[in-house]
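Numbering follows the working numbering, in which position 271 of the sequence shown is assigned residue number 271; successive positions increment by one, without gaps.
Among the hints, a few may not be true.
Stated by the list, open to error - What follows is a set of in silico ranges between Cβ atoms, one per label pair, in the way DEER data are often shown:
# : residue 1 : residue 2 : range
1 : L205      : Q71       : 37 to 43 Å
2 : A131      : E240      : 36 to 42 Å
3 : D455      : D28       : 48 to 54 Å
4 : A457      : G308      : 22 to 28 Å
5 : S132      : D348      : 30 to 36 Å
6 : K65       : A131      : 33 to 39 Å
7 : L205      : D455      : 37 to 43 Å
It is worth saying that the hints were derived from the structure and are not from the lab.
If you're wondering where the values come from, they're calculated on a predicted model, not measured in any experiment.
For every residue, glycine included, the Cβ atom is placed at its ideal position computed from N, Cα and C.
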Amino acid sequence: MLRRTAFSVMFALLALFWTPPVAAQGIDPLLAREFDARDYASSELRLLQWALSLSGDYNGLLDGKWGKRSQTALERYSFREFEDRPRNLHLPVLAVSLVNGLRDDGWQFSGHPGFGGSMLFPTKTAVQQRASGSFQNWQHTTSSLRYGFALTTGDALDGFHRFVADLGPLQEPIYWVRRADRVVTSAVLRSGERVYMRSDPVGRLWRTVVLRAEYQDRNLLAAVAASISGDAPLPLYLPENGQLQRVMNRLSAEIDRENAVDKPPAPAPAPQVSGRSGSGSGFLVTLDGLGLTNQHVVEGCGRLMVNGQPATVTAQSETFDLALIRLTAPAGLRPAIFADRPAALNADVVVAGFPFAGVLEGLNVTRGAVSSSKGLAGDDINIQISAPVQPGNSGGPLLNEYGQVAGVVVAKLREAAGSPAPENVNFAVAGEIAKLFLARNGVVPQIAGPTERLDGATLGQVATAITFLVECFP
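My request is simple: use the sequences and hints to build the entire structure.
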């Protein structure tokens with residue numbers, strides 16, 4: 001029940017994402033009401049603090065105490081994402097990713113042998129690695145986050161923290177804290193990697209935690225670092241009968257009443273080659289072989305092939321025109337990284353795919369820009385792009401200038417009878433909708449903010465590394 005409701009919540013919020021402020025929508029009064037921390041339990045507020053840490057808006061303790069810093073973070077989030085004051089409606093979109101994390105990664109406040117105290121730890125998806133010196137090490141398997149724990153005498157601290165300070169080359173100056181009850185050293189490398197080390201006294205010994213993560217997981221590292229505490233672990237959960245669950249249920253009810261969604265334009269048919277009923281494109285989203293394509297690419301397929309190997313459909317949505325497929329042979333491909341924000345109007349984009357497969361050979365890459373943040377007739381599922389799209393491009397990735405997925409190519413506007421052929425009027429499922437579809441099916445993709453802009457050749461390499469050919473047979 002919790003999972004279904006959470007996914008429904010996220011759908012509603014994204015459907016309203018670019019509409020006027022919620023007060024004008026005439027929705028349930030509980031949803032439209034401005035956020036008041038007094039309505040929420042401490043366990044719910046801890047979840048929201050964690051979510052705001054992951055969004056990059058909050059830098060503070062995950063203690064469930066809602067003060068000025070927490071409120072400012074929520075206001076920053078709501079004004080950025082919804083152009084409105086914080087309302088109950090805004091909260092479930094924050095909570096849904098955490099519900100997935102609690103279920104899939106087993107995130108909890110946890111203590112560890114030789115560590116004591118507590119901190120956020122992915123109990124289901126952390127794999128212990130080989131020890132290094134005094135440190136016991138773990139790797140989070142669904143992100144770049146790494147943990148190290150050590151319990152030593154104070155004599156070792158200087159060497160530990162000097163190691164972090166000597167890392168380089170650095171992107172910004174070292175951050176230091178030197179107190180009798182805490183020692184912290186934090187470094188940002190020029191590569192974007194973050195390294196955070198903290199030592200706290202435990203009797204006559206010192207407990208040291210070191211965290212490392214790549215740029216795209218910087219907010220996750222910051223949230224885990226903020227969670228470190230000398231207190232005993234507290235359970236992290238969403239109360240079944242709490243205010244946040246009530247908001248989710250009310251929003252789910254709103255969705256049941258709001259079910260008229262414009263479908264995207266129909267794609268041009270793919271050429272018939274070697275007995276196929278059609279072909280399209282797709283791209284890898286997880287290391288274990290899950291890929292994304294259009295629902296219309298796999299619709300009616302008796303047999304599905306990806307890069308010449310069998311594949312199966314695991315989930316699909318006619319509304320979003322998206323399908324999740326499992327590859328049997330993902331070797332040679334790497335998971336795509338999704339952009340953490342919508343593609344801006346007139347932003348440069350690249351379309352990758354396999355148009356006219358069997359006629360044209362190899363991956364085809366074309367360039368263009370975002371022409372409109374809306375789809376045909378103003379729908380909120382698609383965006384309009386000027387990059388050329390041909391039959392067979394459907395399902396391929398739309399990449400931004402950083403090589404991150406900003407959408408999923410879906411269709412080309414075809415010529416109407418008696419009208420001139422439209423030029424460069426093409427569409428892609430918005431990246432936010434693609435991430436929603438994945439979340440609704442229990443898949444957490446890699447997501448990152450803006451990084452270094454890539455040149456054309458490097459963008460082509462990124463596209464080649466993630467994109468595959470989809471073939472549909474009767």
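Violated hints, by number in ascending order, as checked against the structure: As far as the earlier hints go, 5 and 7 are violated by this structure, in ascending order.
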